[in-house]
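J.: Start from the sequences, fold in the hints, and give me the full structure.
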Amino acid sequence: MNKKFDAFREKYPNIIYKDYNISYDDEYMHIKYEFVIPNLRVFNPTISILKKDILNDNIDQNLLNSIVFKLGLVELISYYKCTCPKQVVIEAGYIDEEEKRWFKKLFYNGLGEFFYVNEIEVTEDELFEFIVQGKKINIGDTFYQGEGNLIPVGGGKDSNVTLELLKDYDNKCFVINPKPVHFDCIKDRDCYIVKRVIDKNLIELNSLGFLNGHTPFSAVVAFISYLVAYLTNRKYIVLSNEGSANEPTVIGTNINHQYSKTFDFERLFYSYTKKYFKIDIKYFSLLRPIKEIQIAYLFSKYKEYHKIFRSCNVGSKENPWKWCCNCPKCLFVYIILEAFMSKEEVIDIFGENMLDNKNLEHYFLQLIGEADTKPFECIGTIEEVKYAMNRIIKKDSSYLATLYKDLYYDEVDIDLTKFYYENNVIDEYLDILKEAIRSAK
Numbered sequence: 006m007n008k009k010f011d012a013f014r015e016k017y018p019n020i021i022y023k024d025y026n027i028s029y030d031d032e033y034m035h036i037k038y039e040f041v042i043p044n045l046r047v048f049n050p051t052i053s054i055l056k057k058d059i060l061n062d063n064i065d066q067n068l069l070n071s072i073v074f075k076l077g078l079v080e081l082i083s084y085y086k087c088t089c090p091k092q093v094v095i096e097a098g099y100i101d102e103e104e105k106r107w108f109k110k111l112f113y114n115g116l117g118e119f120f121y122v123n124e125i126e127v128t129e130d131e132l133f134e135f136i137v138q139g140k141k142i143n144i145g146d147t148f149y150q151g152e153g154n155l156i157p158v159g160g161g162k163d164s165n166v167t168l169e170l171l172k173d174y175d176n177k178c179f180v181i182n183p184k185p186v187h188f189d190c191i192k193d194r195d196c197y198i199v200k201r202v203i204d205k206n207l208i209e210l211n212s213l214g215f216l217n218g219h220t221p222f223s224a225v226v227a228f229i230s231y232l233v234a235y236l237t238n239r240k241y242i243v244l245s246n247e248g249s250a251n252e253p254t255v256i257g258t259n260i261n262h263q264y265s266k267t268f269d270f271e272r273l274f275y276s277y278t279k280k281y282f283k284i285d286i287k288y289f290s291l292l293r294p295i296k297e298i299q300i301a302y303l304f305s306k307y308k309e310y311h312k313i314f315r316s317c318n319v320g321s322k323e324n325p326w327k328w329c330c331n332c333p334k335c336l337f338v339y340i341i342l343e344a345f346m347s348k349e350e351v352i353d354i355f356g357e358n359m360l361d362n363k364n365l366e367h368y369f370l371q372l373i374g375e376a377d378t379k380p381f382e383c384i385g386t387i388e389e390v391k392y393a394m395n396r397i398i399k400k401d402s403s404y405l406a407t408l409y410k411d412l413y414y415d416e417v418d419i420d421l422t423k424f425y426y427e428n429n430v431i432d433e434y435l436d437i438l439k440e441a442i443r444s445a446k
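Per the numbering used here, the sequence shown starts with residue 6, numbered consecutively.
Hints listed in this document are in silico derivations from the structure and should not be mistaken for laboratory results. From the three backbone atoms N, C-alpha and C, an ideal C-beta is built for every residue, glycine too. Please note that a few of the clues may not be correct.
[To be verified] Derived PhoX-like pairs: lysine-lysine, alpha-carbon spacing no greater than 20 Å straight-line:
id: 1; residue 1: Lys172; residue 2: Lys439
id: 2; residue 1: Lys322; residue 2: Lys306
id: 3; residue 1: Lys141; residue 2: Lys279
id: 4; residue 1: Lys306; residue 2: Lys348
id: 5; residue 1: Lys56; residue 2: Lys141
id: 6; residue 1: Lys172; residue 2: Lys37
id: 7; residue 1: Lys192; residue 2: Lys312
id: 8; residue 1: Lys110; residue 2: Lys312
id: 9; residue 1: Lys308; residue 2: Lys327
id: 10; residue 1: Lys57; residue 2: Lys177
id: 11; residue 1: Lys312; residue 2: Lys322
id: 12; residue 1: Lys399; residue 2: Lys410
id: 13; residue 1: Lys306; residue 2: Lys439
id: 14; residue 1: Lys109; residue 2: Lys57
id: 15; residue 1: Lys280; residue 2: Lys110
id: 16; residue 1: Lys172; residue 2: Lys308
id: 17; residue 1: Lys399; residue 2: Lys348
id: 18; residue 1: Lys200; residue 2: Lys56
id: 19; residue 1: Lys400; residue 2: Lys423
id: 20; residue 1: Lys200; residue 2: Lys172
id: 21; residue 1: Lys283; residue 2: Lys240
id: 22; residue 1: Lys363; residue 2: Lys410
id: 23; residue 1: Lys105; residue 2: Lys141
[As the list claims (entries may be wrong)] FRET-style restraints, in silico, Cβ to Cβ:
id: 24; residue 1: Leu213; residue 2: Gln66; range: 35 to 41 Å
id: 25; residue 1: Thr147; residue 2: Tyr414; range: 55 to 61 Å
id: 26; residue 1: Asp101; residue 2: His367; range: 43 to 49 Å
id: 27; residue 1: Lys363; residue 2: Thr422; range: 35 to 41 Å
T.: Printed below as a string of C-alpha cells:
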C-alpha cells in the first residue's frame, strides 16, 4: 500500500469543483474551471475555441452549460489524483445518482494504471463519495440536426486510416493543442482547433512529490469533441480506436492503459450523452471492428503518410516530434509495420533497425507476453505482435527476430479480412471498412 495515498487522503479529505465560466473575447470562446483542494491549491485549467468555428446558430445556453459542466468533471480527474480525496464536492452544478455511478466508474477505471503503478489498493466504493451541492440545469427539448463527421486527429496511423477511408465524405478534423505533425496529416482538410491549458499548480505539485500518473485523456477528448461537434453542427464523432484497445494491460486484471478507448467506454459515453444532453450526436470508432494489425495493413498502403505520421509519446515532447526509437510504443509500431512492409521501408521511417537493438529486449518480451504486464502504452494485443513476428522472421534475421524465432515462436494466425469486435459503426461506413480489408492477406 502506498503510504502517501493514506496520508494525503487524511490531510486533504476533499476536492471541490467550485465553478466554471464561459466568456468571449474578439477571437475565442474561453472556458475556465475552478477546482480547489482546501489548504493546498486552487486550480484554473482552461479550454479555448475559436469563435469563427462556432457555426451553430441555435445554441441552447442550458445545454451548452451542461456540456461544459460535465466536461469539467472529467478535467477534475487530473487534479483529483494529486491527493485522491475521500470526497468530491460539486458546487458548480448537479448530477443525479445514476450520473454519480457513471462518473465514479470513469474515475476508477480511468485511474486503473495510476493505482497499479503507485501500488494503491482501493475499491471503487472506497475511492470517494460525491457530495452534490450545486443547482440542476434544466434542459428542454432542443432542435438539433447535425451534418457530416468530426474526426479527431492524433497524428498516428489510426486517424490517418480513418481520414483516408472516409475521404469522400463531409469531414471536419479536430485537434487539441496541435503540432506541425497534425497539420501534415490533415493536409488541406478543414480543422477545428482547441487550446487546452493545464494549471501550472498541478505541474508544481507533481514536482513536489504529490501523487502522479496516467489519467483517461481520451475521456477528456470525448467530452471536448462532443462540445465542438455541438458548436459546429456535426452529426457524427468518428474516432479511430481499434478493438485491440479492449485488452487489459495487466494480464488477468481489468487494468487497462486505454480504458477510455475501449468499446465499454464508447458505448457508455454515447448512451450517457444521448440521455443527459437530449440530442443525438453519435460517438463511435470506425476502426472498432478490427485489430491494430489490420490497421497496420491498411496504413502500409498509404505511403504519403509514412514519413510524416508520429505515435511516440517520448518524442512528442521534442520539437519537431520525433520517433525516439527507445520505447515500447516505437517498437510496437515498427513491428506491425514491418509485417507488411520491407525492412528497408520501415528503417526509412524510423531511421534505424529497431529489431537489431538489444537494449529493447525487455520491451520486446513485454510485447509478446513474456512478462507480467504489457507496456503501459496504446498498443495492440500480444497475439497481434506474435502474428507480426511470424511474418517478419520469414524475411528478417535481425537480433529480436532471431530471438523470437529461436526461443519464443508461437504459431499464431489472424484472419486479416475478418471483423473481430462488437461496434457501433453506422452501416454505410461499415461497408467501406469491409471493402478496405477484403483484399488483406
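J.: For every hint, state whether the structure bears it out.
T.: Quick rundown of the hints versus the structure:
With a CA separation close to 16 Å, the supplied pair lysine 172 and lysine 439 stays within the 20 Å bound. Distance hint between lysine 322 and lysine 306 is unfulfilled; the C-alpha atoms sit about 28 Å from each other, more than 20 Å. Between lysine 141 and lysine 279 the CA atoms are separated by roughly 18 Å; this keeps the pair inside 20 Å, and the hint holds. For the proposed pair lysine 306 and lysine 348, the alpha carbon gap of about 15 Å is at most 20 Å, so the pair holds.
Between lysine 56 and lysine 141 the alpha-carbon distance is near 27 Å, which puts this suggested pair outside the 20 Å criterion. A distance of roughly 35 Å separates the Cα atoms of lysine 172 and lysine 37; the hinted pair therefore is violated under the 20 Å criterion. Of the pairs offered as hints, the one joining lysine 192 and lysine 312 holds, with about 14 Å between alpha carbons and a cut-off of 20 Å not exceeded. In summary, the hint linking lysine 110 to lysine 312 is not supported, as the alpha carbons are separated by about 39 Å, beyond the 20 Å threshold.
Pair hint lysine 308 plus lysine 327 holds up; C-alpha atoms about 18 Å apart against a cutoff of 20 Å. With a CA separation close to 14 Å, the supplied pair lysine 57 and lysine 177 stays within the 20 Å bound. Our distance criterion of 20 Å between C-alpha atoms is met by lysine 312 and lysine 322, whose separation comes to about 18 Å. As the CA atoms of lysine 399 and lysine 410 are separated by approximately 9 Å, the hinted pair is consistent with the 20 Å bound.
With a C-alpha separation of about 16 Å, the suggested pair lysine 306 and lysine 439 falls inside the 20 Å cut-off, and the hint holds. Proximity of lysine 109 to lysine 57 is assessed by CA-CA distance (about 35 Å); at most 20 Å being required, the pair is judged violated. Note on lysine 280 and lysine 110: the hinted pairing holds, with a Cα-Cα distance of about 17 Å set against a maximum of 20 Å. Between lysine 172 and lysine 308, the direct Cα distance comes to roughly 16 Å. Compliance with the 20 Å bound is thereby established for this hinted pair.
This hinted pair checks out: lysine 399 and lysine 348 have alpha carbons roughly 12 Å apart, not beyond 20 Å. Restraint check: the Cα-Cα separation between lysine 200 and lysine 56 comes to about 12 Å, which is no more than 20 Å; the hinted pair holds. Simply put, lysine 400 and lysine 423 have alpha-carbon atoms about 25 Å apart, too far for the 20 Å limit, and the pair is violated. Between lysine 200 and lysine 172 the alpha-carbon distance is near 26 Å, which puts this suggested pair outside the 20 Å criterion.
Of the supplied pair hints, the one linking lysine 283 and lysine 240 holds, its CA atoms being roughly 14 Å apart against a limit of 20 Å. For the proposed pair lysine 363 and lysine 410, the alpha carbon gap of about 15 Å is at most 20 Å, so the pair holds. Restraint check for lysine 105 and lysine 141: the C-alpha separation of about 14 Å stays at or below 20 Å, so the hint holds. Between leucine 213 and glutamine 66 the C-beta distance comes to about 40 Å, which sits within the given range of 35 to 41 Å.
In this structure, threonine 147 and tyrosine 414 meet the distance hint of 55 to 61 Å, their C-beta atoms being roughly 58 Å apart. The hint said 43 to 49 Å for the Cβ distance between aspartate 101 and histidine 367, and at roughly 47 Å that hint holds. Restraint check, lysine 363 to threonine 422: a C-beta distance of roughly 36 Å satisfies the suggested window 35 to 41 Å.
Of the hints listed earlier, those the structure fails to meet are numbers 2, 5, 6, 8, 14, 19 and 20, in rising order.
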